[in-house]
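Q: So you can see what is in the structure, the chains are spelled out below.
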Amino acid sequence: MIVFDKPKSLTDAVFHYCPGCTHGIVHRLVAESIDELGIEGRTIGIAPVGCSVLAYNYFACDMIEAAHGRAPAVATGVKRALPDRIVFSYQGDGDLASIGMCETVSTAARGENITIIFINNAIYGMTGGQMAPTSLIGQVTQTSPYGRDPKTQGYPIRICELLATLDGPEYLARVTVNSVPHVRQAKKAIKKAFQNQIEGKGFSLVEVVSSCPTNWGVTPLEAMKWIDEKMIPQYPLGVYRDRSEEASR
Amino acid sequence: MQEKVLMKGNEAIAEAAILAGCRHYFGYPITPQTEVAAYMAKKMPKIGGTFLQAESEIAAINMVYGAASTGKRAMTSSSSPGIALKCEGISYLAGSDLPALIVNVQRGGPGLGGIQPSQSDYYLATRGPGHGDFHVIVLAPSSVQEMADLTGKAFELAEKYRMPAMLLADGTMGQMMEPVVLPDPVETVPEKTWAVTGTGCAREHRIINSLDLSPVNLERLNLERFKRYEKVEAEEAMWESFLMEDAEICIVSCGITARVSRNAIVAAREKGIRVGMIRPITLWPFPKKALLNAADQVHDFICVELNMGQMAEDVELAIRCRKPVARCNRVGGMIPSPDEVLEAIYKAAGKEAGK
Amino acid sequence: MKNNEIIIAGFGGQGLLFSGKVLAYAGLLEGRELSWLPSYGPEMRGGTANCNVILSDRPVGSPIVQHPTILMVMNTPSLDKYESTVVPGGMIFVDSSLIARKVQRQDVTAVYVPATQMAADMNMTGLANMILLGAVIAKTGCVNEAGLADALHKVIPARKADLFDSNMAAIRAGKEYVS
Numbered sequence: 002m003i004v005f006d007k008p009k010s011l012t013d014a015v016f017h018y019c020p021g022c023t024h025g026i027v028h029r030l031v032a033e034s035i036d037e038l039g040i041e042g043r044t045i046g047i048a049p050v051g052c053s054v055l056a057y058n059y060f061a062c063d064m065i066e067a068a069h070g071r072a073p074a075v076a077t078g079v080k081r082a083l084p085d086r087i088v089f090s091y092q093g094d095g096d097l098a099s100i101g102m103c104e105t106v107s108t109a110a111r112g113e114n115i116t117i118i119f120i121n122n123a124i125y126g127m128t129g130g131q132m133a134p135t136s137l138i139g140q141v142t143q144t145s146p147y148g149r150d151p152k153t154q155g156y157p158i159r160i161c162e163l164l165a166t167l168d169g170p171e172y173l174a175r176v177t178v179n180s181v182p183h184v185r186q187a188k189k190a191i192k193k194a195f196q197n198q199i200e201g202k203g204f205s206l207v208e209v210v211s212s213c214p215t216n217w218g219v220t221p222l223e224a225m226k227w228i229d230e231k232m233i234p235q236y237p238l239g240v241y242r243d244r245s246e247e248a249s250r
Numbered sequence: 539m540q541e542k543v544l545m546k547g548n549e550a551i552a553e554a555a556i557l558a559g560c561r562h563y564f565g566y567p568i569t570p571q572t573e574v575a576a577y578m579a580k581k582m583p584k585i586g587g588t589f590l591q592a593e594s595e596i597a598a599i600n601m602v603y604g605a606a607s608t609g610k611r612a613m614t615s616s617s618s619p620g621i622a623l624k625c626e627g628i629s630y631l632a633g634s635d636l637p638a639l640i641v642n643v644q645r646g647g648p649g650l651g652g653i654q655p656s657q658s659d660y661y662l663a664t665r666g667p668g669h670g671d672f673h674v675i676v677l678a679p680s681s682v683q684e685m686a687d688l689t690g691k692a693f694e695l696a697e698k699y700r701m702p703a704m705l706l707a708d709g710t711m712g713q714m715m716e717p718v719v720l721p722d723p724v725e726t727v728p729e730k731t732w733a734v735t736g737t738g739c740a741r742e743h744r745i746i747n748s749l750d751l752s753p754v755n756l757e758r759l760n761l762e763r764f765k766r767y768e769k770v771e772a773e774e775a776m777w778e779s780f781l782m783e784d785a786e787i788c789i790v791s792c793g794i795t796a797r798v799s800r801n802a803i804v805a806a807r808e809k810g811i812r813v814g815m816i817r818p819i820t821l822w823p824f825p826k827k828a829l830l831n832a833a834d835q836v837h838d839f840i841c842v843e844l845n846m847g848q849m850a851e852d853v854e855l856a857i858r859c860r861k862p863v864a865r866c867n868r869v870g871g872m873i874p875s876p877d878e879v880l881e882a883i884y885k886a887a888g889k890e891a892g893k
Numbered sequence: 419m420k421n422n423e424i425i426i427a428g429f430g431g432q433g434l435l436f437s438g439k440v441l442a443y444a445g446l447l448e449g450r451e452l453s454w455l456p457s458y459g460p461e462m463r464g465g466t467a468n469c470n471v472i473l474s475d476r477p478v479g480s481p482i483v484q485h486p487t488i489l490m491v492m493n494t495p496s497l498d499k500y501e502s503t504v505v506p507g508g509m510i511f512v513d514s515s516l517i518a519r520k521v522q523r524q525d526v527t528a529v530y531v532p533a534t535q536m537a538a539d540m541n542m543t544g545l546a547n548m549i550l551l552g553a554v555i556a557k558t559g560c561v562n563e564a565g566l567a568d569a570l571h572k573v574i575p576a577r578k579a580d581l582f583d584s585n586m587a588a589i590r591a592g593k594e595y596v597s
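Residue numbers (the numbering used here), protein chains in the order written: chain A, 2 to 250; chain B, 539 to 893; chain C, 419 to 597.
Hints are not guaranteed to be accurate.
Unchecked claim - Derived lysine-lysine pairs resembling BS3-like cross-links, with alpha carbons at most 25 Å apart:
no., chain 1, residue 1, chain 2, residue 2
1, A, K226, A, K189
2, B, K730, B, K809
3, A, K188, A, K202
4, B, K769, B, K809
5, B, K809, B, K861
6, A, K202, A, K192
7, A, K7, A, K192
8, C, K499, B, K542
9, C, K572, B, K584
10, C, K572, B, K581
11, C, K572, C, K593
12, B, K698, B, K765
13, C, K557, C, K578
14, B, K698, B, K826
15, C, K578, B, K584
16, C, K578, B, K580
17, A, K188, A, K9
18, B, K698, B, K769
19, B, K827, B, K809
20, B, K542, B, K581
21, B, K809, B, K885
22, B, K861, B, K885
23, A, K188, A, K231
24, B, K809, C, K420
25, C, K593, B, K542
26, B, K542, C, K420
27, C, K520, C, K499
28, B, K580, C, K572
29, B, K581, C, K578
30, B, K584, A, K202
31, A, K231, A, K189
32, C, K557, C, K520
33, B, K827, B, K698
Just so you know, the hints here were simulated from the structure itself, not pulled from any lab data.
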């Protein structure tokens with residue numbers, strides 16, 4: 002009999018996330034990957050500043066709460082001090098692609114042997130819906146009330162494509178979780194990103210195109226559609242770097 | 539005991555840190571502390587340690603935060619403008635009750651300032667370098683020997699009280715060479731009951747964190763932290779008294795200016811002026827008691843500093859303004875000559891004589 | 419032995435800090451109190467460079483030399499800058515192949531050594547600093563000559579050990595020139 006069970010790597014704490022927010026799904030995929038790889042006892046996670054700031058309460062492994070944007074640097078410090086532990090950071094778009102861009106790029110360039118889960122929902126959720134570095138052209142937010150205008154507010158940043166210009170990363174993939182097949186693909190990518198670290202392969206980042214119905218101003222169901230219609234054209238899904246694939250080819 | 543060797547102050551810090559069991563150094567180049575990084579870059583790979591040149595001062599201090607979270611001895615070093623950048627991370631270290639060593643080989647400011655010696659980060663260091671209510675232990679070496687000795691001491695105190703410690707040196711201390719006897723190596727760094735090392739599936743997960751959204755809890759954490767600070771203030775203040783037994787004038791100075799003052803004091807004594815010095819070795823905790831006691835004995839204080847009188851305010855507070863505190867300051871990388879300090883001593887002595 | 423406060427000054431690249439280090443190490447081996455303080459920063463790159471060395475029997479207070487008992491200079495700006503600071507009765511050592519003018523002070527002893535020219539003549543390019551240092555040591559006795567070889571071994575890094583003999587020879591040449 003198959004019983005739907007909570008992964009061991011999640012605590013009993015109840016998620017604070019909004020209805021239709023995909024953080025919960027991604028948390029679960031991370032926890033399942035850790036469980037399946039049998040690394041829960043030697044994994045250390047780094048939580049960001051943003052909606053998932055309280056992730057340290059949800060993951061059952063040892064956790065560190067980092068300053069805004071600095072999770073890759075903190076992860077680097079942990080990994081260098083304890084090279085045989087599995088270290089991951091879980092970061093949003095403001096954290097990873099705006100205030101922490103320097104840490105993101107530099108950690109990737111070093112090929113630091115860590116795993117980064119990057120939640121891209123094109124908005125600042127925790128502070129109430131401001132423009133993110135990944136907000137779409139024309140997207141209305143609290144700080145782009147007339148729609149993001151590239152003339153004054155610039156263009157959205159594509160992290161996977163940007164990091165793929167570097168020699169450092171081992172694995173870069175963009176996935177989403179707005180449908181069952183997409184969730185399956187996302188799980189595969191996340192697990193691979195952890196597997197790579199176990200094998201000492203180096204920097205692995207999975208960008209998860211995610212939802213924020215609350216701040217997008219849509220229903221949870223509409224949010225899933227919004228991902229397909231608005232987000233994916235700007236952020237095409239796919240693998241942007243996979244050194245082991247390249248090697249086996 | 540190790541043999542006496544000649545070393546630059548910056549190198550003495552680096553070697554002493556290694557001897558203290560520090561195996562994780564994260565830094566970013568800046569004058570005049572670069573020798574610390576260069577020394578670490580050479581040495582760490584040979585002893586299985588980490589030397590990492592970070593992408594920024596901000597990244598470096600956050601790498602320290604990560605390594606310190608695992609319970610290991612970790613450090614960074616920089617000079618004034620770089621320390622300003624590290625302040626965010628220092629605040630997080632304090633808020634997460636993590637021990638770590640931050641070395642500041644000060645140079646003149648504000649802004650890009652210069653690269654010559656300064657003590658102008660006194661406020662920054664002693665008032666809590668970062669946002670929020672906190673302190674770091676601040677140690678002010680006045681010789682290459684102390685650069686070495688206080689490095690180990692900083693790690694010990696930081697771990698004892700679970701708070702960051704800052705070694706506050708200046709460009710002269712960093713660059714000069716003096717004979718130094720290095721401390722004996724620390725064999726084992728104490729185990730930490732709070733470190734994140736992986737649960738091993740054998741215990742509850744640990745969280746290193748400075749966030750608490752409940753004002754009730756956050757206040758309690760702050761109060762607990764300040765209880766610890768009280769203990770530090772009561773037990774850990776360090777200072778050196780120089781010719782204070784019969785002194786009527788007390789110079790207060792640390793680091794390089796204490797060295798200059800020493801010359802001036804010897805010269806003044808030759809002229810029969812009874813002057814001595816209290817040299818704070820810890821700037822936080824500040825040796826308040828020693829100074830308050832001196833206030834009963836001397837008629838004047840003179841604070842000799844490479845800033846516009848930052849420590850002088852702490853002296854006035856410590857002695858509850860019972861006696862005048864004269865300032866003898868040079869800034870921007872200038873260092874007072876013994877003659878300038880002597881001039882200040884004459885002024886204090888003459889004023890008293892003319893009463 | 420006399421307490422000495424020494425300023426060694428010239429252009430960056432002349433090996434002045436190195437000369438100072440030799441004195442410092444010699445002092446260390448003699449068990450004396452000492453300090454060595456270099457100038458630092460961009461001025462080191464081809465600009466003026468100097469170092470302050472104090473050798474004393476008492477703990478060194480300020481490592482900054484205000485009034486040197488010994489001044490060793492290898493360019494004119496340094497002589498211009500420091501001549502007036504030397505204590506009365508002090509000694510000034512001048513590389514006379516690089517400095518055309520004479521010492522103006524009457525209350526100090528001036529020693530002229532064409533160190534750079536000597537170095538060129540003896541195929542010791544780059545060792546003028548050590549020739550001049552040899553003169554300083556011979557004339558002032560600021561450190562014991564007996565300990566010099568050991569000091570030099572400490573200062574020359576192992577990978578450049580082959581430079582030991584030429585450095586010693588340069589020191590000897592300077593010594594012989596003034597004796």
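Q: Give a verdict on every hint.
A: Structure-based check of all given hints:
Between K226 (chain A) and K189 (chain A) the alpha-carbon distance is near 22 Å, which keeps this suggested pair within the 25 Å criterion. Proximity of K730 (chain B) to K809 (chain B) is assessed by CA-CA distance (about 55 Å); at most 25 Å being required, the pair is judged violated. A distance of roughly 19 Å separates the Cα atoms of K188 (chain A) and K202 (chain A); the hinted pair therefore holds under the 25 Å criterion. Straight-line distance between C-alpha atoms of K769 (chain B) and K809 (chain B) comes to about 42 Å, which puts the hinted pair past the 25 Å bound.
A hinted pair counts as satisfied when its Cα atoms are at most 25 Å apart, and K809 (chain B) with K861 (chain B) qualifies at roughly 23 Å. Using a Cα cut-off of 25 Å, the hinted pair K202 (chain A) and K192 (chain A) holds, with the two alpha carbons roughly 14 Å apart. Of the pairs offered as hints, the one joining K7 (chain A) and K192 (chain A) holds, with about 17 Å between alpha carbons and a cut-off of 25 Å not exceeded. At most 25 Å may separate the alpha-carbon atoms for a hinted pair to count; K499 (chain C) and K542 (chain B) exceed this at roughly 35 Å.
For a cut-off of 25 Å, the pair hint linking K572 (chain C) to K584 (chain B) stands: about 22 Å separates their Cα positions. As the CA atoms of K572 (chain C) and K581 (chain B) are separated by approximately 19 Å, the hinted pair is consistent with the 25 Å bound. Of the supplied pair hints, the one linking K572 (chain C) and K593 (chain C) holds, its CA atoms being roughly 21 Å apart against a limit of 25 Å. Between K698 (chain B) and K765 (chain B) the CA atoms are separated by roughly 14 Å; this keeps the pair inside 25 Å, and the hint holds.
Restraint check for K557 (chain C) and K578 (chain C): not satisfied, since their Cα atoms lie roughly 29 Å apart, outside the 25 Å limit. This hinted pair checks out: K698 (chain B) and K826 (chain B) have alpha carbons roughly 22 Å apart, not beyond 25 Å. Proximity of K578 (chain C) to K584 (chain B) is assessed by CA-CA distance (about 21 Å); at most 25 Å being required, the pair is judged to hold. Under the criterion of a C-alpha separation no larger than 25 Å, the hint pairing K578 (chain C) with K580 (chain B) is consistent with the structure, at around 18 Å.
Proposed proximity of K188 (chain A) and K9 (chain A) is supported: the alpha carbons are some 16 Å apart, at most 25 Å. The suggested pairing of K698 (chain B) with K769 (chain B) holds, with an alpha-carbon distance near 11 Å, which does not exceed 25 Å. Pair hint K827 (chain B) plus K809 (chain B) does not hold up; C-alpha atoms about 30 Å apart against a cutoff of 25 Å. The suggested pairing of K542 (chain B) with K581 (chain B) holds, with an alpha-carbon distance near 20 Å, which does not exceed 25 Å.
A distance of roughly 14 Å separates the Cα atoms of K809 (chain B) and K885 (chain B); the hinted pair therefore holds under the 25 Å criterion. Distance hint between K861 (chain B) and K885 (chain B) is fulfilled; the C-alpha atoms sit about 15 Å from each other, no more than 25 Å. Restraint check for K188 (chain A) and K231 (chain A): the C-alpha separation of about 23 Å stays at or below 25 Å, so the hint holds. About 23 Å separates the Cα atoms of K809 (chain B) and K420 (chain C), which keeps this hinted pair within 25 Å; it holds.
About 29 Å separates the Cα atoms of K593 (chain C) and K542 (chain B), which puts this hinted pair outside 25 Å; it is violated. Pair hint K542 (chain B) plus K420 (chain C) holds up; C-alpha atoms about 22 Å apart against a cutoff of 25 Å. Of the supplied pair hints, the one linking K520 (chain C) and K499 (chain C) holds, its CA atoms being roughly 14 Å apart against a limit of 25 Å. Taken as a hint, the K580 (chain B) and K572 (chain C) pair is honoured in the structure, with Cα atoms around 19 Å apart against an allowance of 25 Å.
At roughly 20 Å between alpha-carbon atoms, K581 (chain B) and K578 (chain C) fall within 25 Å of each other, so this suggested pair holds. Pair hint K584 (chain B) plus K202 (chain A) holds up; C-alpha atoms about 23 Å apart against a cutoff of 25 Å. With a CA separation close to 24 Å, the supplied pair K231 (chain A) and K189 (chain A) stays within the 25 Å bound. A threshold of 25 Å between alpha carbons decides the hint, and for K557 (chain C) with K520 (chain C) the separation of about 18 Å falls inside it, so the pair holds.
For the hint linking K827 (chain B) to K698 (chain B), the alpha-carbon distance of about 22 Å falls within 25 Å, and the restraint holds.
Violation of the numbered hints given earlier is confined to hints 2, 4, 8, 13, 19 and 25; the remaining hints are satisfied by the structure.
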